[in-house]
Amino acid sequence: MKEDLDRDLFVAPKWRRRLVYWLRDHIRVASEVSKNMSLELSSSFLTWFILGLTVSFPAGLYLAHLNTEKAEGLVGLTGGLAIYFQTGTTESEIISLQDWITQNPELEVKEVRSSEKSFEDLLSTISDQTREPNLLEGIDHTVLPAIMLVELPAGYNERRLITLRSEIEEFPRVDSVVMQYEWLERLAALQSLIEKFWLLSSFLFGLASVLVTSISISFAIQGQLEELKVFHFLGATKRQVRRPFIYLGAIFGIGGGLMALFILALVLSIIEPSLSSLDLSYGQEGLIVGFDLFFSSVLILCCVFLGIIGATLAASRELINLDELVS
Amino acid sequence: MPQTPLISLVRVSKKFGSGQEALSEISAEFHEGTITYVTGHSGAGKTTLLRLIFGADKASRGKVIAADRDVGKLTIAELPMYRRNVGVVFQNPNLIFRRTIFENVALPLLIDGEKLSQVEKRVRGALSRVHLAGRENLFPYQLSIGEQQRVGLARSIVRRPIILIADEPTGNLDPALSRTVFGLLSEYSATGAAVVVASHDINLVAAYKGREVSLNQGRAVINDES
Ligand SMILES: Nc1ncnc2c1ncn2[C@@H]1O[C@H](COP(=O)(O)OP(=O)(O)OP(=O)(O)O)[C@@H](O)[C@H]1O
Ligand SMILES: [Mg+2]
Numbered sequence: 001m002k003e004d005l006d007r008d009l010f011v012a013p014k015w016r017r018r019l020v021y022w023l024r025d026h027i028r029v030a031s032e033v034s035k036n037m038s039l040e041l042s043s044s045f046l047t048w049f050i051l052g053l054t055v056s057f058p059a060g061l062y063l064a065h066l067n068t069e070k071a072e073g074l075v076g077l078t079g080g081l082a083i084y085f086q087t088g089t090t091e092s093e094i095i096s097l098q099d100w101i102t103q104n105p106e107l108e109v110k111e112v113r114s115s116e117k118s119f120e121d122l123l124s125t126i127s128d129q130t131r132e133p134n135l136l137e138g139i140d141h142t143v144l145p146a147i148m149l150v151e152l153p154a155g156y157n158e159r160r161l162i163t164l165r166s167e168i169e170e171f172p173r174v175d176s177v178v179m180q181y182e183w184l185e186r187l188a189a190l191q192s193l194i195e196k197f198w199l200l201s202s203f204l205f206g207l208a209s210v211l212v213t214s215i216s217i218s219f220a221i222q223g224q225l226e227e228l229k230v231f232h233f234l235g236a237t238k239r240q241v242r243r244p245f246i247y248l249g250a251i252f253g254i255g256g257g258l259m260a261l262f263i264l265a266l267v268l269s270i271i272e273p274s275l276s277s278l279d280l281s282y283g284q285e286g287l288i289v290g291f292d293l294f295f296s297s298v299l300i301l302c303c304v305f306l307g308i309i310g311a312t313l314a315a316s317r318e319l320i321n322l323d324e325l326v327s
Numbered sequence: 001m002p003q004t005p006l007i008s009l010v011r012v013s014k015k016f017g018s019g020q021e022a023l024s025e026i027s028a029e030f031h032e033g034t035i036t037y038v039t040g041h042s043g044a045g046k047t048t049l050l051r052l053i054f055g056a057d058k059a060s061r062g063k064v065i066a067a068d069r070d071v072g073k074l075t076i077a078e079l080p081m082y083r084r085n086v087g088v089v090f091q092n093p094n095l096i097f098r099r100t101i102f103e104n105v106a107l108p109l110l111i112d113g114e115k116l117s118q119v120e121k122r123v124r125g126a127l128s129r130v131h132l133a134g135r136e137n138l139f140p141y142q143l144s145i146g147e148q149q150r151v152g153l154a155r156s157i158v159r160r161p162i163i164l165i166a167d168e169p170t171g172n173l174d175p176a177l178s179r180t181v182f183g184l185l186s187e188y189s190a191t192g193a194a195v196v197v198a199s200h201d202i203n204l205v206a207a208y209k210g211r212e213v214s215l216n217q218g219r220a221v222i223n224d225e226s
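Those protein sequences? They're chains A and B, same order as listed. For the first sequence, counting from 1, position 230 maps to 230 in the numbering used here; every step adds exactly one. For the second sequence, counting from 1, position 120 maps to 120 in the numbering used here; every step adds exactly one.
Since the hints were derived computationally from the structure, they do not count as laboratory data. Check each hint, because a few of them may be wrong.
Said to hold, decoys possible - Here are the simulated DSSO-like cross-link-like pairs (lysine-lysine), alpha carbons at most 27 Å apart as the crow flies:
no., chain 1, residue 1, chain 2, residue 2
1, B, 121, A, 35
2, B, 73, A, 238
3, A, 238, B, 209
4, B, 209, A, 229
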């Protein structure tokens, strides 16, 4: 009989056994938590929904951010290049550049203005405004550079534009190339605005979802305090007592993430027809980019992470002094 | 007894806040295979003494030694491991009402990470020891108070702990049931464990063989009668 009793009071088990115990405990907790969840599906669903709503906002902004990057190619936002030649550039030199440009079917030479023509334009502008036709008399008529204006098609992205510019600048007699990219600048401003808004809302809404899970889990802990007290005096470690709630946090995260994906899919399916009626589409890709498997997985992972943080917070707030409950 | 005691209290005092000492300068030893009854009127410090052994509280002065370790100095990681060797029974059986009898008794083994086949075997063994075999699938509310108390006892011995402490385990029971529980406790001590039972029922204690530590105003009178 005597040999039956456990005598090694403080000897911690070897790590291999510990690993086995640890795995068994995880399996036990996982099965228990899923059983409890299925019993309280409606309240869990509510938490998922609130989490999903909270998370879908920054996630949606992130998609908007991605898509304004794509919007560089949207119709109506075309740009162009103004090529300034050195003074004294001959007609044939200009034509050779023009030929090179027109080899690229995407580009269109809008206008070629010789240096004389530029001077005439200037002259007429000045005389219109000052009624002093002889103001520029005696000045060389070729003092102004010849200019060629090239129009870019829709969808010409920033990187290709920059390459094109440096190629043109290599040409002999080209003095400078000015990109008329106001639209790009405007888009960049919009992008950085959305980006800032996205980062800020990620932070705030992330905080909100941590709080939501933390509160739900606090309630769950309070509802089971008697049971946890028993677990504790039966020799469960702090981690073991906490484990079911960490799992619960992770499950809230998964549910919230799925809910957020559902909400986003719904919103996108609603706004997509209006986008296509605006005729903003370009190329073969879908209207909205980025709403894919990778995005979904990252979103769910983030939610799981937030859920676990919320659970940890709740556990560290609620699970203090379990010993005082022993009686 | 020649062997070193499993638990010794060395001049243990416990004071709560600014109040009077609940225990003062208590020295006592608890050996394997013995049962000790801690008696005394209400407020004498019985629960306090058991809580010190269990590591739920720390002595203000003196030491509680279990298997050569100072229980008051165990780390947060060590304390649960120690408790896995200490079965506890309270006046209130502290069963979990949404779990079956089987699940309640299995809890300590599941906490340890025991194999399920082993859990099954041990739970059945513990339940038959307290004469509750066949009730595995009932819920606690389907049992009488006395039966619930025995389920609590089964849960506390299912690990075969070397130390068993019981705080007023018969507080809610009629005399016949009280005797059953005391009988089971003394049976368990015969398997080699150190059993410590707090009770204010002097007549009941007198009816059983064992040592008595009688607390009075925080001081102990040890009465060896075995
Ligand atoms: N947590 C605490 N804080 C302050 N005083 C306490 C605390 N726990 C116990 N005491 C005091 O210590 C003394 C001993 O209490 P204890 O619970 O050990 O008595 P007891 O012998 O178990 O009594 P009973 O038979 O009524 O259970 C009492 O005066 C009690 O008021
Ligand atoms: Mg008491």
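Structure-based check of each hint:
1. B/121 x A/35: holds (24 Å)
2. B/73 x A/238: holds (17 Å)
3. A/238 x B/209: violated (39 Å)
4. B/209 x A/229: violated (33 Å)
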